[in-house]
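Novice: Residues per chain, in single letters:
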Amino acid sequence: MKINGVAIEDTFAEAFTMRVARLVITGRTMGWAREAAVKLTGFATSVIGCKCEAGIERELSDTETPDGRPGVSVLFLTMDKASLPEQLIVRVGQTVLTCATTACFDGLPDAPDRLPVGKALRVFGDGFQASKLIGGKRYWRIPVMEGEFLIEETFGMLKGVGGGNFLILARDAEAALAAAEAAVAAMTGVPGVILPFPGGVVRSGSKVGSKRYSNMIATTNDAFAPTLKAVTQSQLPEVVNGVLEIVLDGIDGPSIEAAMRAGIRAACRPGVHTITAGNYGGKLGPHHFYLRKILG
Amino acid sequence: MSDAVTLSLTTPPEHALVADCIRADRLAALGEKEIGELPVLHGGRAAHVGDFFRVTGGRSGTVRLEGDLSRAEGIGARMAGGELVIEGHGGRDLGVAMSGGRIDVHGDAGENTGGALPGAGRGMTGGEIVIRGSVGDEAGARMRRGLIVVTGDGGQGTGKGMIAGTVVLFGKAGPGTGRFLKRGSIVALGEVERPATFRYACTYHPLHVALLLRYVGVRCRVDVTPAQVAGRYERYSGDLAELGRGELLRWVGGGA
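Sequence order for the protein chains is V and W. Using this note's numbering, the first residue of the first sequence is number 1, and each one after it goes up by one. Using this note's numbering, the first residue of the second sequence is number 1001, and each one after it goes up by one.
FYI, nobody ran anything at the bench for these hints, they're computed from the structure. All residues carry an ideal CB built from backbone N, CA and C; glycine is no exception. Check before you lean on any hint, since a few could be wrong.
[Stated by the list, open to error] Simulated restraints on C-beta separations:
{"no.": "1", "chain 1": "W", "residue 1": "Arg1219", "chain 2": "V", "residue 2": "Lys2", "range": "52 to 60 angstroms"}
{"no.": "2", "chain 1": "V", "residue 1": "Pro112", "chain 2": "W", "residue 2": "Leu1240", "range": "40 to 48 angstroms"}
{"no.": "3", "chain 1": "V", "residue 1": "Phe43", "chain 2": "W", "residue 2": "Glu1193", "range": "47 to 55 angstroms"}
{"no.": "4", "chain 1": "V", "residue 1": "Arg114", "chain 2": "W", "residue 2": "His1048", "range": "54 to 62 angstroms"}
{"no.": "5", "chain 1": "W", "residue 1": "Glu1191", "chain 2": "V", "residue 2": "Lys159", "range": "51 to 59 angstroms"}
{"no.": "6", "chain 1": "W", "residue 1": "Gly1121", "chain 2": "V", "residue 2": "Asp252", "range": "15 to 23 angstroms"}
{"no.": "7", "chain 1": "V", "residue 1": "Pro112", "chain 2": "W", "residue 2": "Arg1219", "range": "16 to 24 angstroms"}
{"no.": "8", "chain 1": "V", "residue 1": "Lys159", "chain 2": "W", "residue 2": "Thr1203", "range": "41 to 49 angstroms"}
{"no.": "9", "chain 1": "W", "residue 1": "Gln1156", "chain 2": "V", "residue 2": "Ser131", "range": "24 to 32 angstroms"}
{"no.": "10", "chain 1": "W", "residue 1": "Arg1219", "chain 2": "V", "residue 2": "Pro286", "range": "39 to 47 angstroms"}
{"no.": "11", "chain 1": "V", "residue 1": "Ala100", "chain 2": "W", "residue 2": "Val1218", "range": "26 to 34 angstroms"}
{"no.": "12", "chain 1": "V", "residue 1": "Phe16", "chain 2": "W", "residue 2": "Val1252", "range": "24 to 32 angstroms"}
{"no.": "13", "chain 1": "W", "residue 1": "Glu1034", "chain 2": "V", "residue 2": "Asp110", "range": "33 to 41 angstroms"}
Let the sequences and hints guide you as you build the complete structure.
Specialist: So this is what it looks like as structure tokens:
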């Protein structure tokens, strides 16, 4: 299978089940909402080192938010049920509560599993906090120097999907970067999906474990590193000199598929040789995204 | 089962009509005939719903009342769910001690709306009452939770002794509004007299009021202006003669 002369390898991206929450952060301006969202989702690229993965899903207009102000939708994922509220309480408390003009709302109101994030953060009010029940939802008003910080008492949690991916194998690093940027542009704003890495792009794809250091849980993916072609069991064709990876997390499989479809099509451009995907033979996770099936 | 139970007033009461059996959750389990046989008190004498109303439909959680019910007392008392719409005025003790559901009055309502039963420490503990008109004295007195929206004026002592919950007044608030408030919020979009035992805290944009008014506008279909949603409010803490954890929020303009 080829798209614009770029080979689509007959393989699949292997992803795993994560727990996901969606937060809607609003602010007096989009700028302030974004400030909080950027801080909240900082250092949240991979569960390997950050214990969570997070990113901005999309910006919301004032007609899409509960309080009628501009906002940002954020997806937040962890590997298990217990660590999601832990991460959210710490991060929302340090990045959204502290950010001028913002408020924080649940973006998964129909999810039956509820995380008591606002309920935990309310104690910052030192007994001066107050709650309001509006339309069946409880909100906490935490007095702060600016006025009040408003946060919903609970946030919904769903089973999500982490680790969707594809790799762009290009003739040089410049072509790989241009294709990755085009893919990210096409995937940005696809509902239910985030790209947790810087600029949505990963240059340091990893393999499980280490050939040399027993304490390492992940090390460089030497089979896809062009500088190691001569000294390792490389999977790169001779003409490939640059590889970049796009990693996706999402609310569910169809969302990941929709984003991968848009991203891969955009990445098939001059200078790109092959699009492939990372998997572990089906042993890592239950979600398998077959590239040719998605694009077919 | 029908879409709604309709009670049309055919014989206007000459005296006070105690009709606390008319509540949406109770009527949801009854048929047309059974509803007509429910007991009421007219001028202290026993009577039946059917003596005053023509009943149409049954076994529905949506109840529609038609006619001037300003002499009917206790409609929606202890209501725990469902929706009750009054196409006209409502009487005193409307929705007293209710714990859920919604009462929507397309007219005025009487004294002690959403308040407490005689001798009880708590008024309504949940649900919503929307009055598309003015309300009598002591609406929301001792309410523990829930929402009362009054598009017209409030009577004397609105929200008196409130334990929690919210009262929104679009018109003029009566004297003594919020007196003995323990917790809870009174949002005054019109003229209001601050009780002496309330203390000014600040003027700010309370986001929960924006959220609340948007909800009132969309869900309760009450006209709310963008300026009221995004405006500035003076916050008065009180009643300082009580617990002092309540608030009177007075709209002072601003916003869009």
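Novice: Does each hint hold? Answer for all of them.
Specialist: Right, here's what the structure says about each hint:
1. For the pair Arg1219 (chain W) and Lys2 (chain V), the beta carbons lie near 54 angstroms from each other, so the given range of 52 to 60 angstroms is met.
2. Between Pro112 (chain V) and Leu1240 (chain W) the C-beta distance comes to about 42 angstroms, which sits within the given range of 40 to 48 angstroms.
3. Taken as a hint, the range 47 to 55 angstroms holds for the pair Phe43 (chain V) and Glu1193 (chain W), whose Cβ atoms sit roughly 53 angstroms apart.
4. Against the hinted window of 54 to 62 angstroms, the Cβ-Cβ separation of Arg114 (chain V) and His1048 (chain W) comes to about 46 angstroms, which falls outside the hint.
5. A beta carbon spacing of about 53 angstroms between Glu1191 (chain W) and Lys159 (chain V) agrees with the range 51 to 59 angstroms that was offered as a hint.
6. For Gly1121 (chain W) paired with Asp252 (chain V), a C-beta distance near 49 angstroms fails the hint of 15 to 23 angstroms.
7. Taking the beta carbon of each, Pro112 (chain V) and Arg1219 (chain W) are about 23 angstroms apart, inside 16 to 24 angstroms as hinted.
8. In this structure the hint that Lys159 (chain V) and Thr1203 (chain W) lie 41 to 49 angstroms apart at CB holds, the actual value being about 46 angstroms.
9. For the pair Gln1156 (chain W) and Ser131 (chain V), the beta carbons lie near 29 angstroms from each other, so the given range of 24 to 32 angstroms is met.
10. Checked against the given bound of 39 to 47 angstroms, the beta carbons of Arg1219 (chain W) and Pro286 (chain V), roughly 40 angstroms apart, stay inside it.
11. In this structure the supplied range 26 to 34 angstroms holds for Ala100 (chain V) paired with Val1218 (chain W), their Cβ-Cβ distance being about 28 angstroms.
12. Range check, Phe16 (chain V) to Val1252 (chain W): about 54 angstroms between beta-carbon atoms, so the 24 to 32 angstroms window is missed.
13. Glu1034 (chain W) and Asp110 (chain V) have their C-beta atoms about 36 angstroms apart, which keeps the hinted 33 to 41 angstroms range intact.
Hint compliance for this structure: hints 4, 6 and 12 are broken, all remaining hints hold.
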